[in-house]
Each structure stands twice: as C-alpha cells, then as structure tokens.
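Visitor: Residues per chain, in single letters:
There are 2 protein chains.
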Amino acid sequence: MNADLIRAAAVRLDGHVRRTPLLSDPALDRLAGRRVFVKAECLQHTGSFKARGGWAAVSALPAGTRGVLALSSGNHAQGVARAAAAHGLPCTVVMPADAPAAKRAGVEGWGATVVPYDRAREDREALAARIAEARGLVLIPPFDHPEVIAGQGTTGLEIAAQAAEEGVTGGEVLVCCGGGGLSAGIALALEAEAPAFRVRPVEPAGFDDMARSLAAGERLCNAPGGVSLCDAILTPRPGALTFPVLRRLAGPGLAVTDAEALAAMALAFRHLRLVLEPGGAVALAAALFRGAALEGDAVIAVATGGNVDADLFARALARGAPSP
Amino acid sequence: MNADLIRAAAVRLDGHVRRTPLLSDPALDRLAGRRVFVKAECLQHTGSFKARGGWAAVSALPAGTRGVLALSSGNHAQGVARAAAAHGLPCTVVMPADAPAAKRAGVEGWGATVVPYDRAREDREALAARIAEARGLVLIPPFDHPEVIAGQGTTGLEIAAQAAEEGVTGGEVLVCCGGGGLSAGIALALEAEAPAFRVRPVEPAGFDDMARSLAAGERLCNAPGGVSLCDAILTPRPGALTFPVLRRLAGPGLAVTDAEALAAMALAFRHLRLVLEPGGAVALAAALFRGAALEGDAVIAVATGGNVDADLFARALARGAPSP
Numbered sequence: 001m002n003a004d005l006i007r008a009a010a011v012r013l014d015g016h017v018r019r020t021p022l023l024s025d026p027a028l029d030r031l032a033g034r035r036v037f038v039k040a041e042c043l044q045h046t047g048s049f050k051a052r053g054g055w056a057a058v059s060a061l062p063a064g065t066r067g068v069l070a071l072s073s074g075n076h077a078q079g080v081a082r083a084a085a086a087h088g089l090p091c092t093v094v095m096p097a098d099a100p101a102a103k104r105a106g107v108e109g110w111g112a113t114v115v116p117y118d119r120a121r122e123d124r125e126a127l128a129a130r131i132a133e134a135r136g137l138v139l140i141p142p143f144d145h146p147e148v149i150a151g152q153g154t155t156g157l158e159i160a161a162q163a164a165e166e167g168v169t170g171g172e173v174l175v176c177c178g179g180g181g182l183s184a185g186i187a188l189a190l191e192a193e194a195p196a197f198r199v200r201p202v203e204p205a206g207f208d209d210m211a212r213s214l215a216a217g218e219r220l221c222n223a224p225g226g227v228s229l230c231d232a233i234l235t236p237r238p239g240a241l242t243f244p245v246l247r248r249l250a251g252p253g254l255a256v257t258d259a260e261a262l263a264a265m266a267l268a269f270r271h272l273r274l275v276l277e278p279g280g281a282v283a284l285a286a287a288l289f290r291g292a293a294l295e296g297d298a299v300i301a302v303a304t305g306g307n308v309d310a311d312l313f314a315r316a317l318a319r320g321a322p323s324p
Numbered sequence: 325m326n327a328d329l330i331r332a333a334a335v336r337l338d339g340h341v342r343r344t345p346l347l348s349d350p351a352l353d354r355l356a357g358r359r360v361f362v363k364a365e366c367l368q369h370t371g372s373f374k375a376r377g378g379w380a381a382v383s384a385l386p387a388g389t390r391g392v393l394a395l396s397s398g399n400h401a402q403g404v405a406r407a408a409a410a411h412g413l414p415c416t417v418v419m420p421a422d423a424p425a426a427k428r429a430g431v432e433g434w435g436a437t438v439v440p441y442d443r444a445r446e447d448r449e450a451l452a453a454r455i456a457e458a459r460g461l462v463l464i465p466p467f468d469h470p471e472v473i474a475g476q477g478t479t480g481l482e483i484a485a486q487a488a489e490e491g492v493t494g495g496e497v498l499v500c501c502g503g504g505g506l507s508a509g510i511a512l513a514l515e516a517e518a519p520a521f522r523v524r525p526v527e528p529a530g531f532d533d534m535a536r537s538l539a540a541g542e543r544l545c546n547a548p549g550g551v552s553l554c555d556a557i558l559t560p561r562p563g564a565l566t567f568p569v570l571r572r573l574a575g576p577g578l579a580v581t582d583a584e585a586l587a588a589m590a591l592a593f594r595h596l597r598l599v600l601e602p603g604g605a606v607a608l609a610a611a612l613f614r615g616a617a618l619e620g621d622a623v624i625a626v627a628t629g630g631n632v633d634a635d636l637f638a639r640a641l642a643r644g645a646p647s648p
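In the order they appear, the protein sequences are chains Y and L.
Counted the way the working numbering counts, the first sequence spans residues 1 to 324.
Counted the way the working numbering counts, the second sequence spans residues 325 to 648.
Bear in mind the hints are in silico, worked out from the structure with no lab data behind them.
From the three backbone atoms N, C-alpha and C, an ideal C-beta is built for every residue, glycine too.
Any given hint might turn out to be false.
Partial chain Y-side listing against chain L, Cβ under 8 Å, derived [stated by the list, open to error]:
| hint | residue |
| --- | --- |
| 1 | R18 |
| 2 | P26 |
| 3 | G47 |
| 4 | P100 |
| 5 | A102 |
| 6 | V115 |
| 7 | A132 |
| 8 | G136 |
| 9 | F269 |
| 10 | R273 |
| 11 | V275 |
| 12 | G306 |
| 13 | L312 |
Pulled a few chain L residues facing chain Y out of the computed Cβ check, cut under 7 Å [as the list claims (entries may be wrong)]:
| hint | residue |
| --- | --- |
| 14 | A351 |
| 15 | F613 |
| 16 | A617 |
| 17 | L641 |
| 18 | R643 |
What follows is a list of derived Cβ distance ranges for each label pair [claimed, not checked]:
| hint | chain 1 | residue 1 | chain 2 | residue 2 | range |
| --- | --- | --- | --- | --- | --- |
| 19 | L | V462 | Y | R30 | 24 to 32 Å |
| 20 | L | R390 | Y | A318 | 39 to 47 Å |
| 21 | Y | G64 | L | N326 | 56 to 64 Å |
| 22 | L | A540 | Y | E108 | 43 to 51 Å |
| 23 | L | A529 | Y | D123 | 52 to 60 Å |
| 24 | L | R639 | Y | H16 | 32 to 40 Å |
| 25 | L | T437 | Y | G15 | 46 to 54 Å |
| 26 | L | R639 | Y | G88 | 38 to 46 Å |
| 27 | L | R390 | Y | M1 | 56 to 64 Å |
| 28 | Y | A8 | L | D328 | 49 to 57 Å |
| 29 | Y | T113 | L | A421 | 54 to 62 Å |
Here chain Y stands alone, though its shape is the one from the complex (with noise of 0.2 Å):
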C-alpha cells in the first residue's frame, strides 16, 4: 500500500464526502496545554469517517457485482449501506443485535437489509460468508482491505492542508482506533504529504491490542470478556494489512478510559458544540488527558464519529467535565 491508491480514492470521493472541518477552541487548549485541534468526522456523511472507505471499496468494485455486505456494529455498515445505495446495488449488513438503535436506524435508512446476530453465541465470520456466498454479494471488510484503507487515508489528505492552514507542519496526529484501517491510511498519507506528523493510534483500556501489539513487534490480541462503551472500535486484533504500516509509521498507542471518553464528549459538547460518541471520543480524551505522553505545542485528534444513543450521551454530560 501506498499514497497513490489514497489520492486515487480522493478523486473518486470528491463530491460524495465531506471535507470536515478541522476546529480548535481556547478552552481546550488551556486544558491540554497545547493547542489542540479536532477533525470531526462525525460531521461526515453517515456521522463517520466509515463514510470514506465505504465509498472507496464501493466505486472500485467491477461492473457486473451483484451487490454487497458488511460485518459492522454499525458506522461501517452505513458507509457502505450508503455508498451501495449510490451506486445502485443491494446491500446486506451482519450487526450484533446489541448494536446502539441508532446506528441500525441508519443503516436502514439507507435502504440496507440487517442480519442480527447474538455477539456471545454466533460465528459472525461464518454467518456472514454463508449469507455472502447464497446471495452473491461481495463481502467488504471493515478495515483489512486495500480501497477501505485507501479511503479512510483521504482523512490524511485533507489534515495535512488543513493543518498547515493553521500553521501547524507537524506533530501527533491521535487517532481512534479499533482495527487500524484509519490511523494507517492516515499515516500512509501523511507521510507523503507531511512526515512531520506521526500518528499515534488511542484505543479503550482493555481493548489496546494495537499499542501492545506496536510495542511488541507482533499482532496480538485482547484478552476475551472486556467491556467498554467505545463498541465502535472493539476489535480482537490488528489487522494483518494495517498493523505492518503503523509498526513501520506511527508512534507508540495510548489508552483512555471509559470515564475518559465519556468526559471528552462532554468537553466536545461544550466547546466545540459536536455530538461524539464514546469510541470517537478517545483521540480528543488522549489530547486532554495524556498530555504527559505527548510531544509538541499543538496536536490533532481525529473525532472519527457521532452515533450515539440520547440516554448515553445525557449520561456523558450529567457527568459533568473538568473545567478549563
């Protein structure tokens, strides 16, 4: 994988996502010392940054395919329920029955078909082949593909010209992640177009396979039976075509907690006036809370997404958050 294949996603997407706007407020920056620097995803097509590599994998596919289907809890299974929708093919999506209500009202609301499974007790791998093989459709990986890497890279593209309209060269770029597909297409893309940022990917504390997995030189996975509210970005493993672009780019992983994630919102909501949820929350909750871990007088925190049911947001905020 290289830049190419990103700039050739970008071109592909242009006019069908959107460019996000990178935002900054000063109460932030008193509160994490350093200037920090949001790219909200979540006010993308779909409330996340899935929007991308579904339109990626979906316009590359050949004529002739007969429709689609995503494995997904949610935010990839809309981008691709979307991108599908756009270019006139079916599609079918395999989500956990427990997913958020919101992120199944989205992707039906792009038309897709939705195949519950029980989380504890199915093979959602096998569930999904046999439904992709029965109906024909092309399965599209959440993260572990060329186009969707590609797509999700463009993220990349866009923060480097952004953050130079800033006059931020370079830095950390922190990312949330769950099997990496966008902190390597962003990495991939900022080292062709401004390798003086690293990205550093932030996943929930007990689901950091990826930090772990970057400091020991090896894809490992998530000890079984965790539990978090960041199910957006609760992935066993790295994915074996992200995990050797970020040991080769990205700097070391970091980790919140829930109650991190959930104070991130709250400051988002405050300041910056967005909608997160908790899995898009822990790159700016790493902004906030983790500067010791950091380098630089300015950061950027990639919000990768915004579906969220009320009461977990209302709880986010009846939490309250540390004032700047």
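Dock chain L against chain Y, hints included.
Guide: For chain L alone, kept in the frame of chain Y given last:
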C-alpha cells in the same frame, strides 16, 4: 445599507471566522418532505454567528479606541469579547444575572469583565451607558448597527456559494430571528448574490414581534411577561435598521413553540451530530414542522448557535423526537 458593506466585512473577517459547513441528512429530508440544508453556525468560533458581527464591528473601530462594551445575554457578548481580545481592546459585558452559565463562562474565557444585572429590576441601557461613559468604552449594539449587520451578512455570502455547490439556486432561507441583524444581513447578501432566495425570519411563539411587524408594516413590540427557552433571541421589538431591510426583502415570519425547538435539537443531535441551543434551533424547527407554510423543494435553515447548558440539552434529548 447594501451588500458592499458586507463584502468589505467579509474581507476583514477572512481568516478570523470559520466558513461553517452546510449540512444535510436524508432522514431530515424525509421528515420535512423536501431537501433540508442546515448552515451550521453553531460551529462558528464562540459557538454562534455573533463572532462575525463582533469582529466586523470591532475591526472597524478607529485607532485610539479605549475599549468596548456589549449588552447581551451571551452570544453577542462572546463575539465581541473574542474580537476585542484579538484587537488588544478591553471588553466589558453587561449581562443578565440569569444568563446560561455556559454563556457567562464563554465570555469570561475571552478575558472580558462581566457586569451582571437584574433583568426584572434594572434598566440595562442606563446601566450600560453609565459604565461606557465612566470607562470611555464604545458600545457595540447586538443588532441595530451597520457593521454588525454587515458581519452577520457574510453568512449569506457563504450560503449563496454553498447552496450553488449543492445545486440549489433559489428557495427559502429560514433564519432564527431576535432583533433581525442576521436576517437582515443575509437578506442583503442574497439580494446581491443570489436573488432567487428569500429570507423568512423564525421566532419563538410569544416573541414573534418581527413576524407581526412585517405583517403590520410597522415595528410592533412583544407583550411583556412572555416566557421561552430561546434566551438568545428574546428581543422586545425589531431594530430600526433591520426592520426596513426585512420589510423590503423578507417573506412572512414564522413562529415555533419551545417543544418544537427542543424536538429540532434532538433531531440535529441524532442526524447531524450538532449541538444546538433552543434559540439556534427555531429555524430548523420551522423547516421540519412548518412545511405547509414553506415553498419549494429545498429549504435552508440557519442553525445560529449551540451554547446550551447540559441539563437543558439532556432535557431536549429525553423528550425524544419524531422518527422520520
């Protein structure tokens, strides 16, 4: 007043205010029965469009100005305070003692001095005049001032360009309306740049002085003693400068209830991942719930601000919102 003053303000504002995105979501389109575009001024610096007018007015002050004073429940004060800080001018804000905590904190965050007053017992104009004279400060009015209107009008220049990018070249532009500064500025900008658009001011029920004044052809006052959650846009009567502009250019005004404003906040949370305050949500509420009074197959709603306390926002979410 004409569009030249707005274009001149746009030059001074360049690089100091954000070109906020024009957002949309198919769920809102389904609910409204037409395409709905939201100009997200809640993402503006300080959380509202008032950063534009504040910057325009302060940047137009003559050299030697000793400081500025604003009379405001919060959003205008934040806009003026930010501009004053950037221009190295002291800023004093005369603010109701019961203004939302988020707004007071925002003003103080920009280094301004807050002078609270009792909404029911004190004459705020007399208080402000006394302070301005004693300290040698220039009063920046919230809406009835040519440079303030010009600054707000830069929103209209952006709407014309962004709507064209979406293939929308005419229709109704719904604007949350207090004294009419933003509505008048946008109306003037659109008259010059995209005359097939028409501004419709939107107010809270019980505070529809602009709608009644437009219907009567003269400036009428609101009945005293009304109550609304839309604190940002509770003005007693249309401005002397803004009313003639809107009388010439605007369509009939619209009014929505607090319950409709809260429902619009919940829908913006869910489908746009935006935080709106009640007064910043009335235009979107009209787009969604006053469809029979609107014309055209697309409507633009200006979401003017997002400075809302967490408890009120949670209340809006708890009420839920109608499903599209």
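Visitor: For the hint 38 to 46 Å, verify it against the beta carbon of R639 of chain L and that of G88 of chain Y.
Guide: The hint (38 to 46 Å, Cβ to Cβ) holds, given that R639 of chain L and G88 of chain Y are roughly 42 Å apart.
Visitor: Tell me if the interface restraint on V115 of chain Y is satisfied: Cβ within less than 8 Å of some Cβ in chain L.
Guide: violated, 22 Å
Visitor: So, R273 of chain Y near chain L? Judge it on the closest CB pair being under 8 Å.
Guide: This interface hint holds because 3 Å falls under the 8 Å limit.
Visitor: Does the beta carbon distance between A540 of chain L and E108 of chain Y stay inside 43 to 51 Å, or does it fall outside?
Guide: holds, 48 Å
Visitor: Taking 8 Å as the limit, does the beta-carbon of R18 of chain Y come near enough to a beta-carbon in chain L?
Guide: holds, 7 Å
Visitor: So does R390 of chain L sit 39 to 47 Å from A318 of chain Y, Cβ to Cβ?
Guide: holds, 44 Å
Visitor: Okay, A529 of chain L versus D123 of chain Y on CB: inside 52 to 60 Å?
Guide: holds, 56 Å
Visitor: Under the criterion of a CB-CB separation shorter than 8 Å, is G136 of chain Y in contact with chain L as hinted?
Guide: violated, 27 Å
Visitor: Can the hint on V275 of chain Y be confirmed by a CB-to-CB distance to chain L that is less than 8 Å?
Guide: This hint holds: V275 of chain Y lies near chain L, its Cβ roughly 4 Å from the closest one there, short of 8 Å.
Visitor: Double-check A617 of chain L for me: the hint is only fine if its C-beta lies closer than 7 Å to a C-beta in chain Y.
Guide: violated, 26 Å
Visitor: For the range 49 to 57 Å, tell me whether the beta carbons of A8 of chain Y and D328 of chain L fit it or not.
Guide: violated, 44 Å
Visitor: Do the numbers back the hint for P26 of chain Y, that is, is its least Cβ distance to chain L under 8 Å?
Guide: holds, 6 Å
In this structure, the hints that do not hold are numbers 4, 6, 7, 8, 13, 15, 16, 18, 28, in rising order.
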